[in-house]
Amino acid sequence: MIVAEAKPFAEVAGMIGGCRRLLVVACAGCTAVCGVGGVRQAGELAAALRIHFRLKGLELETEVTGVTRQCEPEFVGELAEAVARCGAVLSFGCGVGVQFVADRFAGVPVFPALNTRFAGGFTVSGAWEERCRLCGDCQLHLTGGICPLTRCAKGILNGPCGGVQDGRCEVGWDVPCAWMLIHERLAALGRTELLRPIRPPRNWAHTSAGPRRQGVSTDDSGK
Amino acid sequence: MTLESNLARLLREGHFAVTAEVGPPKGASADPLLQKAAALKGYVDAVNVTDCQTAVVRLSSIAAAVHLKAAGLEPVVQMTGRDRNRIAIQSDLLGAYSLGVRNLLCLTGDHQRFGNHPEARGVFDLDSIQMVAMVRRLGDPGEFLCGEPIRGERPRFFVGAVENPFAGPLEMRVRRLEKKIEAGAEFIQTQCVFDLERFRRFMAMVREHGLHRRGRILAGVTPLKSVRMARFMRDQVAGITIPDEVLARLENAADPAAAGVSLCVEQISELRKIEGVAGVHIMAIAWEQIVPEIVRRAGLYPRPAQ
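Residue numbers (our numbering), protein chains in the order written: chain A, 1 to 223; chain B, 224 to 529.
A few of these clues could be false.
Here are the simulated SDA-like cross-link-like pairs (lysine to any residue), alpha carbons at most 25 Å apart as the crow flies [stated by the list, open to error]:
1. 496(B) / 428(B)
2. 292(B) / 315(B)
3. 7(A) / 340(B)
4. 7(A) / 344(B)
5. 7(A) / 343(B)
6. 249(B) / 171(A)
7. 264(B) / 236(B)
8. 7(A) / 44(A)
9. 496(B) / 235(B)
10. 448(B) / 480(B)
11. 496(B) / 420(B)
12. 7(A) / 342(B)
13. 56(A) / 87(A)
14. 7(A) / 341(B)
15. 7(A) / 236(B)
16. 249(B) / 364(B)
17. 249(B) / 345(B)
18. 249(B) / 280(B)
Don't read these hints as lab results, they were simulated from the structure.
Just chain B, same shape as in the assembly:
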C-alpha cells in the first residue's frame, strides 16, 4: 500500500503535474472505468474521480477509485457535501483511506436541481471550506470534527479544493481561494480555462497574495469536441466563459474536434508559462481516450516514474 500520495511528491519535487478527470459509469460494472484506465495509464500522474457530478447518480467515487488503483492509476477522490453530512463524510473518508486512497478533492457540490433526482434533499451540512478544514484535522492532530481522537491510524490525505476564476469579480475569487488555502487545501484545481487573459490576471492576483507558494495550482483544461459542445458549455454551464475567438476557431475548422485538441495543446503550453501554475488537470468530458494525444503533443510525455 502506498504510504504517500504520488501526486503530492511530484508537486513537491517541482514536476509539472498532469491529472485527468474520470466520470464513473451509470451502472454497476467497473468495465467502462477500466477501459478509461487502460487509455490513461502512463499518461497522467493521477486520475480525479467525480462524485455524482451534476448531481446525477453514478457509481461511487470511492469504489471507482479503488478499481482505478487496482488498475495501476493513482486516484484522487472527489467528495461533495451535497449528499452527506459530517458523519457520513468522515466515515467514508476513513474507509477510503483504509482502501489506499491518498488524494482527496473537497467540493460543496453541484446543486441537486441540475441532476436526475431534483426532488432529493440537498444536505450541505458542510461547505467545501469547512470540509477541507475538517479533513486536515483528521490527519493532524488526528481528531474528528467533534474533537474526539481518532483511534489507530489517521487518514493523512493530500487535500485539494477547486476554484473558479471565471465566476464573479476576480478579487472575490482570490479571496475565496485564500480561505480554502487558509483552511488547509494543499492543491487547487481550477475550472476549465478558455479565457487565458482572465486567467493570467487571476494568477497575478494569486501571486500578489503569495497563494501559489501555499497551494499547488492545477489549471483545468477541456478539449472542445464540437461547436455544439462549445456553445453548450458557454451558454448552459454556470461559471464557464468561452471567448468568441475560441469558438470561432472551432466554427471555421474543417475538423472541429482536431481544432479543439490543438487548441487544448496550445492552452497547456500557455499555462505552463504562467508563474504559479503547478500542473494541468485535463477534463476531457466523455472523451478520455484523447488525453494521451494531448499529453504527448503538449510535450508532457513520458510522465515521471511513480
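Isolated chain A, as found in the complex:
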C-alpha cells in the first residue's frame, strides 16, 4: 500500500492561511490504514486548525468528510456539493488523491495534509517499511523475493558492495544489507547460481517520459 505521514502542523497552517472555509477530506484507502488519513485524523487536525486561527483572532470554519478512495474520480465526485460550500480543500489522500481532487475541482485550491512516503507495508505493528520502488520491471524471481532496487541503499543489481559489515549496511547499522539477505535466501533455496550472471544496467526509459500509463493507447513512435 501507499504509506504516508502527517505534515508538520505549522506547514499545514501556513499553507491554508487566508482561507475562511475549508473542506477537510479524509480517505478510507491506504492513508487511513496507515493511521494518518482517516476521518479521525482529519477531524483532529480541523479542530487544531480552528483553535490555531482563533488564537490569532481569525475565524476558520471547517467541514470534515471522507471518501472511500480519493484516487477514483467517481468517489471524488461525491464531494461536489461540499466543495462548492467551502471553496478550499485540505486532502488527507496520498499524492494521487490530492491530484485527483484538484483535477475534479478546477477553480478550488487543494492542499495536502500528508507527505506521501513510499509503497510498503508494516513489518511490525505501527512500523512501516518500503518494499517496492514501482520500477515497472520486477526481477524478484532472480533475487529470492527481496528487491535490491528498493532495499539496497545504492539500488545496485550486482551486490553486495564493500560497505557491508556483519550483514548490516553502512548507511545505517539498523538496516540489513539487502544483498546479504538475497545471498542467504538463495543459499537456503539452493539457487545461488542465480547470482552468477552479471545483471545488465536497468532500462529506465519507461519510467522517465512523463507519467506512466496503462490501459490507454499511447503513441510510442515519437511522431
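Put chain B on the given structure of chain A with help from the hints.
Just chain B, lined up with the frame of chain A:
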C-alpha cells in the same frame, strides 16, 4: 601522448607495482596536488585520483589527473556511479582519454549520506560491475552502451575495480571479485589490509578460482598515523578491520606515527610473499609525503623506468 598505460605494461612484465592514492583539494587551485606530485614523483608507478571520495565535493578527478600527468606522474582516474548516469560517464571518459588518461578505476561510489551534501540525489544508474563492462566495450569492440559505434579513436583504458576482502563472508567477496573480472576488470585494488590472516585466506580462495591470473591484484595498505586515526578507521569506516595487536603496537609506541610506518613497511613485505599479489596500493590518507619513505624502506625503490 602515451599510447599505452605504463601501469599495465609493468604488471604485464611482472614487476611488483607500487601505486599511491591522491585526494584532490577542496579548492580550485592545483597547487596542493602539485606539491603531492613532487613528493611522489619517482617513487610510484601511478597515482590514483579519487572521485569526490566519501561524497565530499573536491576538484574533479579527471582535471586532477591531467595536472598530475603534466607533472610527470601517470594517473589512474577513479570514476564512480554515484554522481553520473551512463551518458555522463561515457562522455567524461571520452574526454579523459582525449586528455591522455589511460588508467581507470570503476567504483559504485560511497553513498552521498556520508558526504557534505547528504541532501543530494544519488544517481547509481550503473554499479561498478556494469560500469567495468561498459568501459571495456568502449575500447573493444568500440561501441557505446547503447550499441552505437564510437567514431574515430576508441578509448582503450586499462580498467580496474576494487574489492573489499574484509566485508561480509569471504566466499561472497570472492564471488563478487569474480564477477568484476568476468565483466572485464584487468586490475583490482583492495581495501586497506591490516588483517593479514584474513587477507591470506582471501588470496587462497582467489587462487583456487584462478582469479589472480585473470586480474592483477594490488593490495591496499595504509600507514596509521596515530592511535586516534586507527580507532576511527576501525570503528567508523565501514569494511575496515584492524586487529587488536595492530592497534596495541601503536598504543605502546613512543612515536605512534613511526610505528605506523614500520607496520606498513612490514605489511608490504608480508604481502609481497603472497602468491597472486601483483603490487601494493598505498593509501596514505592526508599523509602523501610519507610514501617515499615507505617505498624506500620496503625495498621497492628505485621504480622501473616509465
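Now the hints, each set against the structure:
1. 496(B) / 428(B): Between residue 496(B) and residue 428(B) the Cα gap is close to 16 Å, so the pair holds against 25 Å.
2. 292(B) / 315(B): With a Cα-Cα distance of about 17 Å, the restraint between residue 292(B) and residue 315(B) holds, given a limit of 25 Å.
3. 7(A) / 340(B): 24 Å, holds
4. 7(A) / 344(B): 22 Å, holds
5. 7(A) / 343(B): 22 Å, holds
6. 249(B) / 171(A): 24 Å, holds
7. 264(B) / 236(B): 21 Å, holds
8. 7(A) / 44(A): With a Cα-Cα distance of about 14 Å, the restraint between residue 7(A) and residue 44(A) holds, given a limit of 25 Å.
9. 496(B) / 235(B): 19 Å, holds
10. 448(B) / 480(B): 4 Å, holds
11. 496(B) / 420(B): Within the cut-off at roughly 13 Å; holds.
12. 7(A) / 342(B): 19 Å, holds
13. 56(A) / 87(A): Given that 25 Å is the threshold and the Cα spacing comes to 22 Å, the pair holds.
14. 7(A) / 341(B): 22 Å, holds
15. 7(A) / 236(B): Given that 25 Å is the threshold and the Cα spacing comes to 64 Å, the pair is violated.
16. 249(B) / 364(B): Judged against 25 Å, a Cα distance of about 38 Å means the pair is violated.
17. 249(B) / 345(B): 20 Å, holds
18. 249(B) / 280(B): Satisfied, since the Cα-Cα distance of roughly 7 Å is no more than 25 Å.
The structure fails to meet hints 15 and 16 from the earlier list, while all remaining hints are met.
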